[in-house]
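2 protein chains.
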Amino acid sequence: MNGKKNRNRNQNLIDVALGRTPGDLAIVNARLVNVYTGEILDGQSVCTCADQIACVGPDAGYAIGDATTVIDAGGATLIPGFIDGHMHVASSFTAGEFLKYAAVGGTTTIVTETLEPYSVAGISGVLDFLASLKDQPVTFFATAPAMVSTSRGAMGIDPADLETLLAREEIVGLGESYWQAVLQNPDVFLPIFAQTTAHRKLLEGHSAGARGNRLQAYAACGVSSCHEPIKADEVLDRLRLGIYVMIREGSIRRDLAEIARIKDMVADTRRLILTTDGISPAELMEMGYMEYLVQKAIDCGFDPVTAVQMATLNVAEHFGLDDRIGGIAPGKTADLVLIPDPRTIRAKVVVSRGRIIARDGKLEVAPRKHTFAAASLNTVRIPEPVGPSDFGLPFSGDGNTAACRVIEMVTDLVTREVRLDLAVTGGEIKADGANDLAKIAAIDRARVPGKCFTGLIKGFGMNAGAMACSAAWDTSCVIVVGADETDMALCVNRIREMQGGAVVCQAGRVAAELAMPVFGLISELSLEELVDRLKAIQQAAADLGVSFPDPLLSLIALTGAAIPFLRICEEGLVNFKDGQTVGWVAES
Amino acid sequence: MNGKKNRNRNQNLIDVALGRTPGDLAIVNARLVNVYTGEILDGQSVCTCADQIACVGPDAGYAIGDATTVIDAGGATLIPGFIDGHMHVASSFTAGEFLKYAAVGGTTTIVTETLEPYSVAGISGVLDFLASLKDQPVTFFATAPAMVSTSRGAMGIDPADLETLLAREEIVGLGESYWQAVLQNPDVFLPIFAQTTAHRKLLEGHSAGARGNRLQAYAACGVSSCHEPIKADEVLDRLRLGIYVMIREGSIRRDLAEIARIKDMVADTRRLILTTDGISPAELMEMGYMEYLVQKAIDCGFDPVTAVQMATLNVAEHFGLDDRIGGIAPGKTADLVLIPDPRTIRAKVVVSRGRIIARDGKLEVAPRKHTFAAASLNTVRIPEPVGPSDFGLPFSGDGNTAACRVIEMVTDLVTREVRLDLAVTGGEIKADGANDLAKIAAIDRARVPGKCFTGLIKGFGMNAGAMACSAAWDTSCVIVVGADETDMALCVNRIREMQGGAVVCQAGRVAAELAMPVFGLISELSLEELVDRLKAIQQAAADLGVSFPDPLLSLIALTGAAIPFLRICEEGLVNFKDGQTVGWVAES
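Chains as they are written, first to last, in numbering that gives the first Met the number 0: chain A, 0 to 587; chain B, 0 to 587.
Keep in mind that a hint or two might mislead.
For chains that are exact copies, the list does not tell them apart, and a pair is met inside one copy or across any two.
[Claimed, not checked] Taking lysine to aspartate or glutamate and the EDC-like style, the derived pairs with C-alpha atoms no more than 16 Å apart in a straight line are: (1) K347 with E363; (2) K99 with D431; (3) K368 with D302; (4) K295 with E527; (5) K262 with E38.
Quick caveat, the hints were computed from the structure, so don't treat them as lab data.
No experiment lies behind these values; they were computed from the predicted model shown.
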């Protein structure tokens with residue numbers, strides 16, 4: 000019971016609010032964006048006690064004493080700290096490195112998915128990941144992984160693991176559950192949904208492309224958000240069904256400019272949210288984090304107060320966290336950002352939980368470096384080194400050609416299924432780099448270690464060598480694409496040695512590599528070094544002929560369960576439309 | 000575990016949404032107020048499955064089959080069922096009788112206080128009261144009683160009782176905690192607040208008259224609502240602090256007309272709510288319930304969509320119930336009201352949990368009559384009949400006069416303390432009906448049964464007889480005011496015989512009475528009979544000289560802990576400003 004502790008904490012806060020004892024930090028002479036009323040108020044002050052706001056208003060000066068740190072805003076504008084409601088923190092960087100750039104711009108709360116560590120390291124991996132988010136300059140919440148996977152064997156989080164996570168205060172709900180998988184596997188996901196809502200926690204949605212009665216059915220399951228709309232009409236469809244729409248502007252997609260006209264289509268914007276859905280190290284360093292989104296929303300024509308609400312109060316209300324974050328009011332967490340004016344989202348001072356963590360783009364509180372558990376650093380458990388023959392495609396049928404089911408790249412992320420009659424050479428099907436036909440394999444590294452499926456991919460652009468990564472989406476696989484089986488094996492074996500990473504090989508040697516030893520997903524390099532390494536990998540992939548803007552992203556997304564249409568995992572090729580797993584030999 | 004049950008329920012819902020099986024009820028050809036987007040949409044249909052909405056939109060007709068009940072709205076307007084977010088259901092009527100009038104106008108959810116049964120019958124009384132709200136045509140939620148009382152001995156709910164209540168799903172938070180009491184007794188209330196928020200349930204506020212740093216301090220305690228503002232400026236002060244403001248329009252006060260200009264003062268109305276805070280049987284029958292408030296809001300100039308939001312989505316969001324009520328969307332409870340047009344709030348059809356419960360003002364589903372437990376019917380436990388001498392005010396001091404602390408009525412509810420030098424006659428102070436000086440006594444009937452305090456009251460208008468009631472606010476007292484001690488005793492003894500009620504006596508006989516056997520608070524009469532009895536009591540009180548609009552309300556409010564300034568309980572007179580209990584003999 001922490002009743003006693005809370006009582007003292009609240010009593011101190013009340014004493015400051017009443018003017019009995021001085022506050023810790025005061026920001027005076029500010030314009031204030033009141034996200035509750037939609038007002039911009041001049042001549043406002045805020046005073047804090049420990050990590051909370053004690054008082055706000057024109058007269059909060061009574062709570063200032065000799066020991067109070069006073070910041071004179073000089074008429075600058077005070078807004079609540081930003082909240083990113085849908086982030087994949089467990090992607091390439093440690094939280095500590097991420098925050099060196101993410102925390103300076105005014106973001107004070109981040110809600111992250113946890114499916115990536117769960118896929119490869121189970122509940123203990125998730126708990127270690129959550130531990131890495133504690134005691135940081137900003138506050139993290141998280142969702143439990145629903146575990147939609149291309150691997151049928153990985154589908155659906157274990158109920159006991161879910162219970163462990165739902166009991167934790169920082170777990171605010173169940174993470175994104177792709178709509179097709181939910182409607183295709185109701186016996187798997189509806190019990191998980193019911194278990195979550197029994198805890199009064201929410202269901203994050205993912206309804207990319209859903210419309211009509213299937214969108215209705217997905218909404219009826221109780222999902223309360225979607226970050227996938229790419230058109231304003233899709234936003235409207237979801238808002239009308241009571242779904243919070245997270246407008247995505249991050250490294251996966253940038254939809255804000257296209258969607259912005261929603262502001263003229265609805266009278267009420269309370270269910271609109273801005274989110275990144277993940278950001279690459281390079282774009283984070285270059286463009287910034289949530290402050291970039293809020294500025295862009297204003298630049299796209301959103302009213303500044305509305306833009307701020309979309310990154311603060313609306314997000315807090317969606318997650319049921321508005322009792323503590325999302326606005327500037329007594330009793331709320333002291334998460335505050337001072338910006339030049341309501342239309343200029345550039346943080347002069349960032350206060351997180353009552354502490355000044357950044358000024359003028361410089362971090363003043365160092366993020367904590369987490370020491371990960373040994374199990375989290377040993378997740379590439381492929382039992383033996385692989386060889387070129389592991390990627391063979393033997394064909395025992397009649398004739399000189401075989402009818403093959405092939406993944407074809409349509410964009411850098413979307414694929415489709417094509418059927419090709421391919422030559423049988425020496426009893427097997429070969430890659431043909433000259434004709435942009437490569438081999439692709441997914442090798443499980445954690446759940447059924449060593450289980451491997453090899454298929455064919457067209458349009459990846461790879462005319463030589465191979466490229467692999469252990470961060471394959473929605474699975475516990477190493478994913479490898481190659482025009483050459485020897486280079487494919489070399490890539491995978493190098494990843495196995497590094498216990499995770501990304502590798503490009505050509506002509507029997509490593510052309511570029513990045514170690515990602517944490518869960519096989521995360522580099523422990525500084526963000527600056529990480530960006531350099533990723534650029535080198537991109538260049539090495541380009542040298543093989545791959546012309547996608549981010550070849551590594553295109554590679555690891557091939558196992559993703561939410562992207563149409565033909566995907567791959569260690570079990571085989573997976574048809575997105577019906578969720579069925581199939582082989583590379585096409586039925587006649 | 001009800002995972003299995005939920006799974007089947009959700010699967011049925013999904014099947015209807017997908018068009019695989021027909022829905023139960025369809026309302027077609029409607030205008031629809033979409034509270035999420037703020038739109039009014041034409042040509043909409045809604046289809047239900049059991050108690051939930053399966054699909055909504057222009058095309059929901061695909062879910063209609065032969066077995067579907069179809070209502071053609073003919074262009075009439077469909078809105079979500081109304082929610083009263085702050086009601087005192089345990090006041091004079093049973094839930095069943097209340098609903099005969101309350102459920103026909105479109106209210107489908109009611110959040111009620113439970114402090115009244117707790118005061119007189121403890122946790123078992125609250126549980127019996129909650130049982131009376133189950134399986135009714137509309138849905139009830141409730142708050143746990145904070146127990147602010149004029150009696151210091153009654154102050155603060157027992158933590159074990161609170162835990163019992165917080166564990167229940169229908170308990171959405173802690174009920175109103177008057178701000179003075181919280182700030183005066185932080186050791187009592189802050190642990191109760193912490194216990195409640197540990198369950199992620201909310202704290203209902205009551206900040207009548209608070210301003211400046213005391214309002215800041217009260218907000219800092221974490222309270223999330225207030226239904227007490229009587230001026231638009233007070234509304235604005237609270238909205239700015241992130242507090243949901245419930246605009247009160249009921250039998251205690253009618254503040255909507257005065258407050259309505261708030262609509263022009265803020266850009267965002269999401270935290271404005273309409274509530275009754277209790278309604279008298281006569282006004283319920285005459286004016287209706289929440290539909291009256293929504294209509295009045297429109298008549299006061301609120302946009303119709305905003306008015307509907309203030310009685311639906313905004314309330315649901317405040318209580319964290321918007322995952323199930325407050326809007327018309329798939330997966331939400333099928334609580335629907337068909338009205339002629341968006342500006343005419345007159346229910347043609349009311350659907351509650353998927354059932355048609357009323358049409359054109361006629362109830363189609365009878366409320367359930369609850370059989371209360373024996374303990375709930377025996378709560379006036381005054382051990383012996385009282386006599387006139389129990390209300391004596393003996394004075395042993397020197398002189399012919401005594402300096403007396405006297406309650407003076409300022410309005411029909413507000414009092415103040417006056418000090419009068421009164422004649423000592425035969426060693427005691429007497430009532431003086433000719434000069435509007437009456438005696439007043441509070442006799443505990445449940446907690447410390449028989450404990451009695453007698454004092455003096457001026458300005459009640461009673462020049463003869465006496466009036467008593469067992470429904471004294473915030474205490475477990477019978478409250479009695481009289482110009483004649485014999486009539487006072489007769490009133491109290493008659494209430495004791497009836498095990499609760501209201502009685503007016505004059506010249507040694509009962510002039511009017513109403514039995515209130517349930518908790519000593521609630522009549523089991525029909526609402527029509529109840530109104531007649533209350534009118535008879537009002538007339539009998541008027542015959543004694545009492546000219547307040549509702550003499551019984553003025554009487555029972557005298558023990559109320561939230562009304563300034565001098566109150567009474569079985570422990571003595573209570574100073575509202577500092578919470579101190581004092582006697583009737585004034586200090587020099």
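TODO: Just pull the numbers of the violated hints for me, sorted ascending.
DONE: Failing hints, ascending: 2, 3, 4.
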